[in-house]
Amino acid sequence: MFFKPLDLTTALRPALLPDETLLFVQDAVGLYEGKYKIPNYQNGHAYLTSHRVCYVAVEEPRKYSVGIDLKEVDRAEYQAGFLKSSPKITLYPKPPKGSLSKSKSAGASPSRRQSPSLLAPGPQIQPVSPKVVNATWVCPICSFSNPVPSNFDPSTATASTPIPPCLACGIKPPLATILKAVITATASRDVPSSKTNSTASGLGGSVPINGSVSLPFSDNAQVSCPRCTFVNHPSLTECEICGASLVAPGAWKTTQIDSHRAESPAPVFGHNSIKSTEITDCMKLSFRAGGVQIFLERLKGALIQRKWLLYDAPPVPQQPSQSNSFSSPGLTVTALSEGNVPSPARSPGVGIAGLEQRGLQARKNNELVIGNAFEDLEALMASAKQVMALAASMRDSGMTTGDLSGEANAVLLESAETMGMVTTKDMLGSGAGSLYISELSRNLAEYLTDDRKGLLNKEGGIMSLIDLWAIFNRSRNGVELVSPSDFQKAAELWETLKLPVRLRQFKSGLLVVQRWDWSDEETLRKIQAWMVELREVPPTETVAWDWRIFGRAITAQETAQRFGWSVGIAAEELEMAEDKGVLCREEGIEGLRFWANYLSDTGDLGLSRITLDEVYRYTSTA
Amino acid sequence: MSAAAPPFQFPSTYSFPPFFTPQPNSATRTSQLQKWSALVQSWCRHHRTYRLTLSDAIESPLFYNAALRKRLSMKDARDVLDWMTKEEEEGGGGQRAEWLDGSSKNVARIWWKRPEEWAGIVADWVENTGQKNVVLTVYELVEGEGTMSQEWHGMDTDVMLKCLNVLVKRGKAQVFGGDGQEGVKFF
Chain A
1 MFFKPLDLTT ALRPALLPDE TLLFVQDAVG LYEGKYKIPN YQNGHAYLTS HRVCYVAVEE
61 PRKYSVGIDL KEVDRAEYQA GFLKSSPKIT LYPKPPKGSL SKSKSAGASP SRRQSPSLLA
121 PGPQIQPVSP KVVNATWVCP ICSFSNPVPS NFDPSTATAS TPIPPCLACG IKPPLATILK
181 AVITATASRD VPSSKTNSTA SGLGGSVPIN GSVSLPFSDN AQVSCPRCTF VNHPSLTECE
241 ICGASLVAPG AWKTTQIDSH RAESPAPVFG HNSIKSTEIT DCMKLSFRAG GVQIFLERLK
301 GALIQRKWLL YDAPPVPQQP SQSNSFSSPG LTVTALSEGN VPSPARSPGV GIAGLEQRGL
361 QARKNNELVI GNAFEDLEAL MASAKQVMAL AASMRDSGMT TGDLSGEANA VLLESAETMG
421 MVTTKDMLGS GAGSLYISEL SRNLAEYLTD DRKGLLNKEG GIMSLIDLWA IFNRSRNGVE
481 LVSPSDFQKA AELWETLKLP VRLRQFKSGL LVVQRWDWSD EETLRKIQAW MVELREVPPT
541 ETVAWDWRIF GRAITAQETA QRFGWSVGIA AEELEMAEDK GVLCREEGIE GLRFWANYLS
601 DTGDLGLSRI TLDEVYRYTS TA
Chain B
1 MSAAAPPFQF PSTYSFPPFF TPQPNSATRT SQLQKWSALV QSWCRHHRTY RLTLSDAIES
61 PLFYNAALRK RLSMKDARDV LDWMTKEEEE GGGGQRAEWL DGSSKNVARI WWKRPEEWAG
121 IVADWVENTG QKNVVLTVYE LVEGEGTMSQ EWHGMDTDVM LKCLNVLVKR GKAQVFGGDG
181 QEGVKFF
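As they're listed, the protein sequences go chains A and B.
In case it helps, the UniProt record's numbering puts the first sequence at residues 1 to 622.
In case it helps, the UniProt record's numbering puts the second sequence at residues 1 to 187.
Calculated from the structure, these hints are not laboratory results.
For every residue, glycine included, the Cβ atom is placed at its ideal position computed from N, Cα and C.
Fair warning: there could be bad hints in the mix.
Claimed, not checked - With a straight-line cut-off of 30 Å between C-alpha atoms, the simulated DSSO-like cross-links for lysine-lysine are:
hint, chain 1, residue 1, chain 2, residue 2
1, B, 86, B, 105
2, A, 94, A, 180
3, B, 113, B, 132
4, B, 86, A, 580
5, A, 307, A, 63
6, B, 113, A, 507
7, B, 86, B, 172
8, B, 75, A, 580
9, A, 63, A, 4
Said to hold, decoys possible - Okay, the calculated beta carbon distance ranges per label pair:
hint, chain 1, residue 1, chain 2, residue 2, range
10, B, 146, A, 540, 55 to 63 Å
11, A, 520, B, 7, 20 to 28 Å
12, B, 59, A, 591, 45 to 53 Å
Unchecked claim - Some chain A residues well away from chain B (every beta-carbon gap over 12 Å; in silico):
hint, residue
13, 59
14, 75
15, 521
Could you put together the complete structure from these sequences and hints?
The structure is reproduced here in structure tokens:
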């Protein structure tokens, strides 16, 4: 398991891989490597995605951000908070590939296979603990609680694995029942196991690894039974009430690691960059502002779902017709040479008819994919990847042939892209109203600065907040809409989060969104340049004033047209320029128009100025 | 007012359309008012006008630019004169104007030279022409042949009296008599 360097988006969130979805975000999280705090990684956001656990520091996020691939994570354990210690989630790496035949999981990267032997030779490789499954399965016939056999391994179990019959009625259960039982047991055993874990490591004694473990005596560590929750004396290995084993396998493993550590402690993470370093035993996420339960829950969900496997998954079985169309070129040749081959597949091969036939087949295939996808929600989720690919291909074909309107095209594009990257309220930690706002803020910044859409550039680098709100909510396709107040709060956070967009309020109260490097000076410069230009171009009709000096008047409409702004924003910018003394106004029957400011003598604005009267100079009383 | 005088040369700002719109920006507005004040003063000076009747002047080229078809409204023109009456400390135009009809604000005296400035000019003239300790009537001073070449020739008597009062205060002159029969003796 490695700390991998992370690509961040413009809004300083981890850039997601294709197919990756964001599951949960929690702020105020710190990182530990083993038992050691990692400097500079103590206050940040933890992002749980379907593929990774990412950490992005609040301070200097570009420097201090790492990710861990979930496919390299064996399991996650919960450690409750105690006094000043925050609750933590411990991630254990998968054991080295060669040491146990058990890890059969597909999608393991080659780097993982090599890493232990290269970087952590010899004793660093920890033997994998025997898989003791402290689970019971309930017989569907007589509802008797049977223990799951200790040699049962859910990752390798198949229909042919021998399953013992029910102890009461003697009928073999279906494999699914036992699998379910094992998985629920794995998910629920973490609390007690981590408790024993901390006890053992606290004393630092070496503990025998074999089956008859006797934990060192400690007066405050009581062990609650994972099955019946009875609180047992810590020296007991089996529950007094129900007889379930009290020692979780996790405890053994950590104990063993800790004892190993005592002999040769790992280097303390004194150096700043932990990127690409290997995590030898475990890493911890410390949740200083809550959210640990949901994080754990979703992390386990992600570990069970193993979405990363889908990335390399084979495509959905093709229709038999597909092979027909592939073989058609060959048929074409024969058809041309022999002319009258009696073949049932002759028609799809030739000319326009062949192309049409092919198109028909492709459409049928698409129909099938869509049909399958919408059969039920489960199926939709499973074939989400395919549907996205289909949407993308439709988009592409739409671009080339033009049979899709631009708007529909954009909608398709947006819906596909926003599927992965939206922050919704249920994705965020408990009591994290502010976190939701800050994530929404980042989300918005990404949306705005996305080069593919170029939203802000299209609007001339500035757009009103209302417009953005409407466009943004429309792109969410009617789900998880953002309320105006949340939206405004999120926009107000851009400044503090140092994101590349800014919220700005005009004098009239109009709120607009602009790039961070956008400044009034920049706008003024643009307007002044335009004014200079106007002085050089003779007006179309004769005017009573000297256009060589004064140029001509501009309206908000003209300004909007020239700079690509909306008229409202153009009017605001003109008034801003007036406020700064660059422009002055003329109210007339034609409406409000603006001129370069020749009235004001103050300030050097780079414009040629004229003095009112050289002969009768205004004399101020000296 | 001499009809033979050359036509008034308007400043270039006069043909700048925004000149006729009151500016909301305070800095721009101040410069605008200064320019208007200078224009009004030079206009009055050119035409030897000491009192400006707003209702007449509003239709004159001073406030109405026929070429641009732009004019200063009665209210805006009054604002300009109002600004001129204020002292500079109050953010005004240095008392270059003075309302003569109280609150109706229609007739104003335009001080294109302040009384102090006039007093200095008169005192210099007296000095240069060697008329110290000579008694002159005010009428003589304003309308007399000896002052034909002087700038104040044809000035309103009451304006002249104000100027002379400045000299009196400085101890350089003494005014006596009254009811249009004032005389003045310079020291």
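Okay, the hints, checked on the actual structure:
1. 86(B) - 105(B): The given pair, whose Cα atoms are some 14 Å apart, holds under the 30 Å limit.
2. 94(A) - 180(A): Within the cut-off at roughly 22 Å; holds.
3. 113(B) - 132(B): holds, 23 Å
4. 86(B) - 580(A): holds, 26 Å
5. 307(A) - 63(A): Satisfied, since the Cα-Cα distance of roughly 28 Å is no more than 30 Å.
6. 113(B) - 507(A): Violated. Residue 113(B) to residue 507(A) sits at ~42 Å, over the 30 Å cutoff.
7. 86(B) - 172(B): Roughly 28 Å separates the two Cα atoms, so the pair holds.
8. 75(B) - 580(A): Roughly 26 Å separates the two Cα atoms, so the pair holds.
9. 63(A) - 4(A): The given pair, whose Cα atoms are some 12 Å apart, holds under the 30 Å limit.
10. 146(B) - 540(A): 55 to 63 Å: holds, 59 Å
11. 520(A) - 7(B): 20 to 28 Å: violated, 44 Å
12. 59(B) - 591(A): 45 to 53 Å: violated, 26 Å
13. 59: holds, 42 Å
14. 75: holds, 68 Å
15. 521: Holds, since 17 Å exceeds 12 Å.
Hints 6, 11, 12, counting from the list given before, are not met by this structure.
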